[in-house]
Every structure is written in structure tokens, then in C-alpha cells.
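J.: Residues per chain, in single letters:
Protein chains: 2
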Amino acid sequence: MKKLFANRVLNNDTSDLDEIFKNSANPENISFAGGFPDQHLFPDNDLKQAYRDAIEHDGQGIFQYSSTQGLLALRQKIADRMLTHADVQVSADNVMMTQGGQQAIDLVAKLLLNHGDAMVVEGPTYMGALAAFDTYEPTYYEIPVDDNGMNIRQLRKTLKAHPEIKLIYTIPDFHNPTGTTMSAKRRQALVSLANQYDVIILEDSPYRDLRYSGQNIPAIKHYDTEGRVIFISSFSKILSPALRTGWIVADDTIMHELIGLKSAIDVQSPNVTLAAINSYLDSHDIDEHIATISASYQIKRDAMLTALDQYFPQNVHYTRPNGGFFIWVTLPEGVDAKDLLNDVVLPQAHVAYVPAACQFASRKVKNGFRLNFTNLDTATITEGIERLGHILQPAPMIVPATSFAPQF
Amino acid sequence: MKKLFANRVLNNDTSDLDEIFKNSANPENISFAGGFPDQHLFPDNDLKQAYRDAIEHDGQGIFQYSSTQGLLALRQKIADRMLTHADVQVSADNVMMTQGGQQAIDLVAKLLLNHGDAMVVEGPTYMGALAAFDTYEPTYYEIPVDDNGMNIRQLRKTLKAHPEIKLIYTIPDFHNPTGTTMSAKRRQALVSLANQYDVIILEDSPYRDLRYSGQNIPAIKHYDTEGRVIFISSFSKILSPALRTGWIVADDTIMHELIGLKSAIDVQSPNVTLAAINSYLDSHDIDEHIATISASYQIKRDAMLTALDQYFPQNVHYTRPNGGFFIWVTLPEGVDAKDLLNDVVLPQAHVAYVPAACQFASRKVKNGFRLNFTNLDTATITEGIERLGHILQPAPMIVPATSFAPQF
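Those protein sequences? They're chains Z and P, same order as listed. Quick note: the first sequence uses this note's numbering, first residue -8, plus one each step. Quick note: the second sequence uses this note's numbering, first residue -8, plus one each step.
Keep in mind the hints are simulated off the structure, nothing from the lab. Keep in mind the model is a prediction, meaning the values are calculated, not measured.
One copy or any two copies: either way a pair holds, since identical chains are not told apart in the list.
Straight line, CA to CA, 25 Å or less: simulated BS3-like cross-link-like pairs of lysine-lysine: (1) K355 - K13; (2) K176 - K157; (3) K(-6) - K151; (4) K(-6) - K157; (5) K355 - K151; (6) K(-6) - K148; (7) K176 - K148; (8) K13 - K329; (9) K(-7) - K157; (10) K355 - K148; (11) K151 - K(-7); (12) K357 - K13; (13) K355 - K329; (14) K176 - K151.
Using the sequences and the accompanying hints, generate a full structural model.
T.: Here you go:
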């Protein structure tokens, strides 16, 4: 049967990841592997009331087919938020609702990528985005990120050498998996380069509103002068991931095609969900909710950083994010974080993380891993980092600390 | 910007369809074009109660990420229904929830189709499926359907001549757009051919439970001996399309890959929706509901057939479906149903239908159109068919009636 499968499937091996998440689910282990928000922070009662309000106030029409683009009132609220929270001025016509941020990535990949088409990703990057892109079989160019985001000098060189590149995928705010944020200067430079080389930028920003320190920076889309930046985000991290509701912001030409593609993929998003989110936004101050969860996540981040400072050896580098969900750990060169996980960390320390390789399109960088700090309480975070620190402490950490930015 | 788009987008022109549905939405016109269920028949209050029950009884977990495959309790109910309603024996592990039947089609296309891969579709077929398949750029082979389903003799010849064919897409029950049903004998023959030529069958059966006359026939999947039939269906036509909930039934090897693909497309379906449908099925007899809507749709079908018998000229053929949503009209050869629609039917009779061409992969057959009978009351159905009959009556219907099965 397998010989009938498309190449995109045969090329796609998720067994590594499956195993990681299976180990994470084992309650004996402290798992820093997932990217889950803390479910104790969900506004459960408010969301439930929002569902009740939506189904009570909306008539029979709520159960009939509706528009592919999604509920206008909700799109208008998102357009308004884009201005106040990202310095991006758009109308509701330029917003489309999607099944989470994931479908937004899939849609943009489907819009742009023929088999073999060239695109840029950050190294490391969000592994779910790689899973989506992989199915369109692109040629990847990987640009390292540092504490100020994507390395623009390296990007310029790559674009010059490969004028066939069509798409740059970036997570500028509290990057997954490194937690770092792209500076305003680099955002402007990125848009200039995209204009110069005629490239689309996919700006994936699900963590944008979850800032715990430092100053807000306008979205990359804010600097867009030619309608070539597609902005995507989601309610998954600020409200609830089970809503499966995200959005795309794009200019008219691109939006027109994305609507057609979504229609062919799943016709439309579920009306009741969209109406419930719209109800929630009508009745509650989501920014107040975001402030509450941010305060809690800040405490968790600080607990993890404190534990890292205390228990991790000098030759292990880690990022100090201003927001989001993740801290990135760079091990000395030559250490394979996946082998370390399977051979030592899981069996001896009973701790899980996501090793570097599956977060690089090249799969070549091995000496790093991603830690999530949002989904555990502070005592467990401290305990897990202490256990991990003990493993990392003695050996084989004899190589001097390297810069965080991976080389390839 | 457009030059950056993938070929699948550049090849895809939906402007015809956009125009048809724009005209349908005009309240001055009687529209037989859409494929909408009658929203007055939705079990609104029961569905609303099901949402309330789901959010009341399920804890915080309902708002956290969950499994890609979907709620086990609901999958188990669907597995049970597959046995009682389709003579197919499967476990819950072989069921995955999708965003409507449309996503199920997209997933199977993604599983199997490399650019240029060969597949079989019926002529005519569901235009939404063509939209989904088109984005994977297959090579289509079109097999005509008659009152007993796909022409198996023609299929055999095609498979023999094109051993590279990987996939057969069929709508065996109350076919969209013709309303006809594949005989049991042809179902068996279809599976034999698929075994012989190593082909996957995609059995799309959203109308299966909506039978108004005649005897039930086992699903094609019932005859599957080698795990090569993928069955898909949906709650859209029997409960509500806005739930955006369908399902795939497939054997282990195929299911494993489909789960991976769905995870990369949108992670999972929304928990609250799945829990609400599960609640509905716990508290209500969906078969009783299906019996109620079937009784109403039967009256609508009969009204349309009576009007067709009364008002349509002898040289126009139409199908007499035992269930589903649609009747297919075959005009004399040489008549272009799209020109007729735009030049005469819409401006003079103010009636809309879906002309043949966009329902054929080849786009070559023009002398037919699809009529929907579920979404209007009987008086409006009769009025619309009478108006249409007056247009068709005098001219240019001078060619003798042809067989329904389109030639190509």
C-alpha cells in the first residue's frame, strides 16, 4: 500500500517526535517538551458562558453553512486589535479566520510552494511549521537566529545567492523555540530585503501579546510597504488552543487566493466557535486576561531562569526571553541532545525536552534543546532543572561554551 | 505578487463558480444551485442543549490541546454506526474526525497525489472535490455514471490502459451531482478492479443515510478485502454543516499517515464541537431525526419530480434519485447550460442552477445542470421548475433526447 503514498508522506518521518511526546506524557517524567499553555489559566467559566451566549443569541442561521472567511464581527475585532497591538492598519476584509495558526501556515505554504521551491526558515524554528512546509517539499535555506532575531547579514547573502527564494518564514516575537525577539531595526531591514528580492514574508506571531519584560516592538507587517507580509496569529496561547481558531492578515490579492484555498480545504471554520469567541470579546476584557496569564508566566519564566542560573554548568548557554513559552539551551559542540535525552536524561533524571535536530530544517544541529516553562508549576520547574543540571554538570561538558547562534 | 504563487493557485480559476453563487444569493432569483440542507430542519434546540451539556460536564481539559484523531467516545459511536448503517466493521482506532467531509477529501488527496499522478473521478462529480484535488495537480481520468453508478466497463478499460492510476474517487450513494446510486454488483466489481490494479478507492458518502425510496446497499468499504477503501462521511447533511465535522474510516497503515498529515494541517479538531456532537448522540436518537428530515426531503424531491414531469419538455432527461440532495438534468447535445443560464434563465426566469462544465474534471460536458431540492419549500420548487420549463420548452430543444450518461 505504501508505494501508493505521495512523496511528501514517504519523506516525512515523525517517529522521533512521536517518541518524544510519548515520553513526555509519562507521568513519571517532568516534561519540558510540550508547548502547552497552563490550562489552569484558561478563562473556563467565561468561555463556557461565551458559548452559552453565542448559542442563545444566534438564531438558526448559526447551524447553516456560512462564509469561508469567517464571522465579520470577529474579523472586525481582530482588525482593530491589529492596530492597537501590532501597529498594523487593516480592514476586516483583510482578515480570515483559520483552524488555529497551524492552518494559517499550511494555507500560506499551499499558496506559494511548488515542489522544490526555495524558502527561508530560521534555524532553529517551530517544528510544526516544518511539518506543514515539508508536505509541499520545498528547498530550505536556514538562517541562524541570535538574541536579536534572524541574522540579517546572512539572510542578505542567501537572498543574493538564491534569487529563486519565494518565502521567508519567521517568528519574530518570543521565537519558538529560542524565545528571542527580532529587533525593530532587523524588522525594517527584513522588509527592505523582501522588497528588493521580491519575496513574501510569513510573520508567525502567536506569542506576541505574552510579553513579560522589555518594550513592545511593531509587527514586521507594520513596515510592509508593498503588501508582501502575511501576518498570522491565534487565540491558542492567549485564550485556549482547543478553540482551534487563528487568523491570517494579508493584502487583497493574497487574501483572495487564500479564501479560495481554504474553501477547498475545509469550506469554512465552525460558526459556533467563532460566535463564542466573538461573544467572549464582547463581554470580557481580553487584555485583562492576558495581563493575568502574563503575570503567572513571568513567574514561571523567572523560576526557570533562576534554576538554570543555579544548577546549569558554565559551559551551557541559554536564552533569557522577554516573553512567550520557551527557553533555548545550547550545549557544547559535539554533544547530541537527542542521544543525551534517550541515554541519560530520561532514564536517570526522568526529565524530557525537545532535542535540537527536529527543530532545524537541515536536521544538522544537534547540540541544543527547547525547554517549555508555561505548563508546570514553579516547584516542578525548579526540580526538573535541578535534575537536568546534575546530569549536565560532570561530563561530557569539557568543551568551552559556544555562542548561542548555531553554525551550519 | 502573482508570479510568486504556486502553480496550483495559478491554474485554479473559481471565478465562474463565484459568479454562480453570487447570482444564487440574489433574493430575486429562485436558486437550485447551492447544496444546502434545509436549515428549518436542523435540531437547533437539541444541538444548543448538547453544547450546554458538553461545556457543563467536561472539565478544564476541554480547552486544552487534545488528540489529533479526535474524541474517543465519538469515534466509538461512529465505528458502531459504520456497522449498523454501512455494514462495515471497524474499531474506533480506524476512525478520525475531520473538519467536515471536505477536509477528509483534502487529506486523502494529500496522502496519495504527487504532481501529475493519475486518478479516476466520475463525470460529473462533486465540484468541491475537484477543487480539493486540483490543488494537488493530478492527471484526471473521467468515467461516466449512469443510473447504477460508475460505468465499470469503462473503468476496467481505463485501469488497463493506465496502470499508473492510484486513486478512484466515487460518491456511490445519491451521487453529487446526479443523485444516482451505485449497484451492489458494481461495488463488488469496483473493489475487485482496485485489488487487481492496486488502486485506492475513496468512497465519499455524505448522503448515505438520506434514503427516501428503494433498498439500502452496503458501503463499498464492506466489500474491501485488502484495506484499500477509504470511507468518508460527515454530520453536515444529517445534523448541521456549520459543525464542520466529518470523519474518515481507514485501515491502520493509511490511518497512521492521515493522522500525521492532519496534525501538520491544523493539529486537531475543536474539542467543544466534538464533545457537543457526542453529547447530542448520547441524549438523542439521531436516526429518529434522520427519519424526520428524510420525510421532509422526500416530499421536496417528489415535488420537484412532479414539476419536472409536468413542465419539462420530452427531449430533456433528468434522474429520479432515491435519496440525497440533487437531480441531474441532461439537455440535448449542443446546448451549453452555462450560456443558457447567463443569457436566458437568469435574466428571464430568475432561476439558478449549477451548469455541467464545472462539475466535470475535463470541463468538456456542457449540456447538463444540477438541481438541488432540499433548500426550498415545495411551492417555490414547483414555481422555479415551471419557470425553467417554460424557458426550455420552445427552443432550441430540437435535437432528440440523449442518454443521461455524458459522452467524452
